[in-house]
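**Q** Here is how the chains run, residue by residue.
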Amino acid sequence: MLNRHKVKTIINFTLIFIKNSHMHSFFTKVMKSFIIVMIFFAFTHVLSAQQVVSGVVTDAQTGEPLIGANIVSKEVPTSGTITELDGSFSYELAPGTKSLIISYTGYNQSEESINGRTTINVQLSAGQLLEDIIVVGYGTVKRDDVTGSVQAVSAKDFNRGAITSPQELLAGKVAGVAITTGGGPDDGAQIRIRGQSSLSASNDPLIVIDGIPVESGGVSGNRNPLNIINPNDIETMTVLKDASATAIYGSRASAGVILITTKKGSLGSKFSVGYTGNVSVGNASNRVDVLQTDEYRNLIESTYPEGHPSRGLLGSSNTDWQDEIYRSAFGQDHNVNLSGSLGAFPYRASLGYTSKEGLLLTDKFERYSAGINISPKLLDNTLQLNLGLKTMLSNNRFAERGAIGSALTWDPTQTPLDANSQYSGYTTWIDQSTGNPNGLAPANPVALLNLRDDRSEVVRYITNVSADYRFKFLPSLRANLNVGYDYSKGKGSLFIPGNNEVAFAFQQNFGGGVENNYEQERTNSVMEFYLNYKKDIKDHSFDLMGGYSWQKFFTDNSFRNSDVANTPAQTVERNNIQDELFLVSLFSRLNYGFKNRYLLTLSLRSDATSRFSPDARQGLFPSAAFAVKLVDNKNTYFNALKLRTGWGVTGQQSIGGSYVYQAIYQQSLPNAAYQFGNEFINTYRPNGYDANIKWEETTTYNVGLDYSIINNKLYGTLDLYQRNTIDLLNFIQVPAGTNLTNFINTNIGNMVNKGVELGLNFVPISNDKMTWDIGFNAAYNTNEITKLTATEDPTYIGVATGGIAGGVGSNIQIHSVGFAPASFFVFQQLYNETGKILEGQFADRNGDGVVDDGDKYRYENPAADVLMGITSNIKYQNIDFSFAGRANLGNYVYNNVSTDMGYLQRLYHPTNYLQNVHRDAVTNNISEQRNTIFSDHYVRDASFFRIDHITLGYSFDKLIGRFMRVYATVQNPFVITTYEGLDPELGNGIDNNIYPRPRTFVFGVSVDF
Amino acid sequence: MKKLYVFLFIVIATTFSACFKDLDTVPLDPNLITSGTVFKNEAAYKQFLAKLYAGLAVSGQEGPAGAADISGIDEGFGQYLRGFWYHQQLTTDEALIGWNDQTIYDFHDLDWTPSDGFTFAFYSRIFYQISVCNEFLRETTDEKLNDRNVSAPVRAEIIDYRAEARFLRALSYWHALDVFRNVPFVTENDKVGAFFPNQIKAPELFNYIERELLDIENTIKAPRTNQYARADRAAVWTLLAKLYLNAETYTGQKKYNECLSVCEKVINAGYSLEPQYSHLFLADNHKSNEMIFPVAFDGNNTRTFGGMTFIIRAGIGGSINPLLSGVSGGWGGTRATRQFVEKFPADLTGVVVDFNVGANLSKIYVASTSNNFNGGDISSTLASKPGQNGTFEGYKYFNANDEFTLFRFPNSGKFGDNGADGTLESNGANIKVANAGLYFVRANLVNNTYILEKRDWSIVGSAVPGGEAPLVWNAELKMLRIITELNIGSLRLRANGNDMLTLGDPQLDGILNEGAGAINIAKSGGHDLIVDLARPDYTYQLKLTSFDKRGIFGTNGQVLDINTREDMGIFNNGYAVLKFKNVTSTGQLGSNADFPDTDFPMFRLADVYLMAAEAILRGANGSKATALGYSNTVRERAYTGTAGNITESELTLDFLLDERARELYWECHRRTDLVRFNKLTTGDYLWAWKGGVSQGQAVDPKYNIFPIPAADLSANPNLQQNPGYN
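Chains A and B supply the protein sequences, listed in that same order.
To get my numbering, take the position in the first sequence, counting from 1, and add 4.
Position 218 of the second sequence, counting from 1, maps to 208 under my numbering, and the rest follow consecutively.
Next comes chain A alone, as it looks inside the complex (with noise of 0.2 Å):
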């Protein structure tokens, strides 16, 4: 107990200690706020001294925690508390109760009476229907009361396989949400929410772990930013996906937000063992189809006459160069995961080690992690803390991906190696007058991926500390304080040895070979604090939440890059080039619900910027959203039907560079002086600017239903938006003579995305030996830019985009008001009468007699007009069988594998090598490139459906441990598609070179100890 002359004491060394610190520093701001809190604690333990009840709730058959169970006062009914995360609660009994009610949508209620009891923990048996607490920005919410687009996807839901990094585990699963990952082990993936939102600025959604904000690009060597998490420590990841439930993250919600929750210890659970583990192999599906050696030397033969150049380069072998480079990827994955609760310490801690071959030669991922928690509940269980540790240590070795265009293009007739080459015994195309390779033919792919040494080792940690404190004196009030430090640091080198042809073509005076080293840190510190009143006054319900947030990013790049043998003139070198990012909010919510039916959210939040100006960098947020449960009946055909609209303001600032608004000199490198006499001085560019730069705003609109039928045998949810972006970021031309650029990023254009979602569950088959549960998905989506420049101008063409092969600094694509973002932007291709190209001849669109830039026009484009998603988990007494797959109709691929190889007379290049062609070359009878590259021939129909994993498993009942799985899966078994290239899911729509996705048979078992 403190007295009042000590928290005099605390509160002047408070107010010394704010005075004197240095306001700037993130510890001293965590600091601050601990007093803040501890100041809290301090006094109400003063007021306060009623009795307390706290315990666990949990499930009666699985023992696991409910979140969000409802504990009330028998006698007085309008008091009483909900259960954590972990299912524990604690209570302070209002006068007068004797036993208290405990109650779960879905379970059946029990009632315990008190008798003196402080600790009381509960088993429910479940009743009819799952229903569950869904956690939101800065809080949670049950599943019955949410008025926003929110979907929650947990861990029995994921996605199955030799998965190593989340977002794998939510692809197909929620309607409008598009993931796409790449072919390499452990490669990014390219997440978008309900389309597009932007078209310079990012697109990639608000990425929240246990409730910090991460930022989406990730440190410099790492493959990919949310490989911290391993995918095992995953309890639920929420997707947040309209206005009303995204507004509450501000000015960084218009690409939606996802919420990643990791498994927690619970408090009284008894010391548990868990390990998972896997062997996978992966094999490429599919090849790029290039001629075949016999086919090649023929073309050759009869393209060139006796006595041709070409002839004399042809060799005797017979090489499949795609064989040359790819393998069988192995890899495995084990996790240990240990829980318990050592009094009111309940702990979760895992161990990880994942290691992934790539497809290509020499790729590898490799990953140690490890995962703390520890939550315990202090101070009469009004204190509940949360400290959690994630850690990773990634190795990569990343092999060069230009071997993949390389393979396709040399000649098959040539041999990999040449036991006379003195390149390093690699058969290398020679330059004739100079002797060493020559550099403008490809080299080597096998010599690419074996000299070319890419390695980086990656370290991250996130630690968050979150206090959740319950006042003593008003229970109903609660202090959230969330302190987060997200810090990676990734260090790689490439190592390239001197006079080998990979080394000229780096070099190409030389060939001194590389020697780049670079070292990037990043921090992003966070700390939050937020109040939360939470009130049931008879029908009238509130919860009410207000807090303000703070955020530093901080990056600090190193790199030097040199040749092997250091020489200062092929040497750059540059340390702590560094970058600052600040963002300070102000938010608030209110959940008001009416007789439990009426449901109304209002939320608000206030976001100022570091980024942008004094002027711009405050934006206000606000969202309502409305929901009305119109059917609420556990026992007929119609069991619930919940009626939502909701309204709200999101934005973007995420456009690169933390800086943009300010008039900057750039001082240049030292290669990039100017000579004045004898001198060389660097020189000082001012760089060009808006000053009145902000960030994007988008409106949505959102109308949704959430149904539950047939017994609650079928549930989902239909849901239509329309969502208004205005102030673009978009890369422009400023009128010549203006800016001190041509081209800057600057708030000019609107785009609008509409919608319709469908999220449908059914349950064919639930009884003691057999459930069978069907998820399914659907969504369509369009998008237009509506405006794009300041005046308006119908002549204005667009903002080309979507850089292709092909002669340099071309593209593809084009973002043109009135039809949706990069558009392929090509000349209609005529054919003859039975169908074939005629090369080089294009309609005449615009009718003026000639064919030139005015007849190009917009075709198609790549995002997909309807993403399906299912997915089929069948349970029949130890057997468990599931598959998910997952469907793009309408998404439109550019094949710039065929335009950029799929032509004649690429097959002898004049300084003296042969090149191999795409088949297309033969079979459409192309000669010329130019005639190819902006042909709409080659923007094909990618629509797919694409089984994602087909997994077989069998549980054994105390074989080893308590509980033991052994499965089989198949990722990637199919995909059906009337594309003819690779692969037809592509994030950007140009297909050109992509890494093939394997696919891979994983084995694997799980044993519970």
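Honestly, the hints are just simulated from the structure, not real lab data.
None of the hints are false.
Under the rule of at most 35 Å between Cα atoms (straight-line distance), these lysine-lysine pairs were calculated in the DSBU-like manner:
{"no.": "1", "chain 1": "B", "residue 1": "277", "chain 2": "B", "residue 2": "255"}
{"no.": "2", "chain 1": "A", "residue 1": "791", "chain 2": "B", "residue 2": "181"}
{"no.": "3", "chain 1": "A", "residue 1": "791", "chain 2": "B", "residue 2": "692"}
{"no.": "4", "chain 1": "B", "residue 1": "422", "chain 2": "B", "residue 2": "353"}
{"no.": "5", "chain 1": "A", "residue 1": "538", "chain 2": "B", "residue 2": "11"}
{"no.": "6", "chain 1": "B", "residue 1": "11", "chain 2": "A", "residue 2": "493"}
{"no.": "7", "chain 1": "A", "residue 1": "495", "chain 2": "B", "residue 2": "11"}
{"no.": "8", "chain 1": "A", "residue 1": "539", "chain 2": "A", "residue 2": "638"}
{"no.": "9", "chain 1": "B", "residue 1": "375", "chain 2": "B", "residue 2": "533"}
{"no.": "10", "chain 1": "A", "residue 1": "791", "chain 2": "B", "residue 2": "191"}
With chain A fixed as given, assemble chain B onto it according to the hints.
**A** Okay, now just chain B, sitting in the frame of chain A:
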């Protein structure tokens, strides 16, 4: 209770407001400095000025690429000089390119459109230069310098800087005038930000540029007194001369008197023609006294993928050896048309008889002091003539007191001479040479004897003035050489004054035979004779020194014509232009084999001579004799002598147009010249692939200028498109 809440509120409010201060960030990178603080360091003014110049040479703040100045195009393409070169050269007979990049063929086809990306990039570059020059002028006003308390010496320098900034702005506005004519107009009186500049018409822009240049004429440093690569008064005059010479094209008004007057100021300013034409375009051309205003490049300090890197490397491909141009490799792009090559006399090289490498001969190896007794040195050998089994001979140069031995195979057992008796012994002692000179060595490995005899060669005969002249050992070439006037007649080589020891070549096949007939000399004049006696197929090269040395082409493996569109993509079609090289005048390679040291001669004296001559022919107050004098001054350098001089009657405007091509090709003058002579678009003069057809054709006269890029038309509603492009 209430007090506590008030207190808490204060604490929280303090914390929050402190946090809001965090939002006022400034860059942490020491290379990024806010405009408010950068000029605290007074050196920043000069560094800023350097950027105005660097804008012509590099593409951004990192070399060769990175932190680009402009966007929307590949950084190398967006470099100023490269863009200028595309517009001035690819549109003409002097150059075409074989790449596939977007609309790049449209330049030579003369059928570009307002949406052309290269044109937009160059246009953006011009206005980038103008904008940064404006910013410089805004940041160096007296008011600002007073505010910043700039020290007196720096203030004095800033007066020069401002004049140079205005020169550079005028230069870019002149490019805008020449290429686009009617362009948006911004000066230092406009601020950075969103506004729509007005369009200025060509005559007003002409007046503005003229006024600016006349205004700085007396402020800017006197000719040749500024630091190298910085503009001076002669640069201002030359720019005025170019403006005046083309005034009729731009405004319809003739300004030839004004042109001649400024040209003569330059001619009298102390510049002189570089004695050897080829040296003007080499890695050390910054030393040339002909250079009036260069764009400076450096292999280590000023790197770009545009500029000189592009000009040199894009011009190399096929079987042209890039190492001879001092670069690691070619990009296989640019070549010349037949019509341009034919402006030179058929004899492009002056070679009368060229080296004949002869047959492969069997050989033995000489290890000596000069090659560190390396018995495997394949460059030091004696060889066996056909039918001379076992006898190997050749001429070797030895220094005083050199020693040598012989090897049958590389590093096999050696032969020496014990006792210096003329017989060879296996593992014998080193053979010693007392005096320096060229020695005839003949070894007979059948009977193990050898001959070692010093021979001093000269040329004798009726062609040789005075009857005899010595051949001198040239250590760099490792050959004998003489550069001399020769008369019509004949000559032979003679050793040691001995008429029994002569070499001749009556067949003129490049092989010298002992005792053979004389070499006929058909033309009198300067000759360069180089003789290679290293192996018994004794060979030589005889060149005229007096020929037009300006046609520096790569012909090895190239054919002159480009017959089909497909052939345009293949480098071997069309002659390569090898005028620019990353090699110094003394044969040293530039400092980096990827990025040349060679500076681009934006303005040089020969151009001024030719402008002066043309101004006179077009009616300026000067005598035709003066014009002829200027023209012949240029031609005498080209021929290193008067052999190429023309007469007054030969001096016509058309001759001058051709002469400008011969003298100034690939230096970004050609499109302007052809427009001035009304030959760019008309049928008066056709060249291969003009108008997109192999034999060339006339095109719409609208192509005399380029359109305002569509991108700027939509960004700026005040602009009107040039005639014909709507």
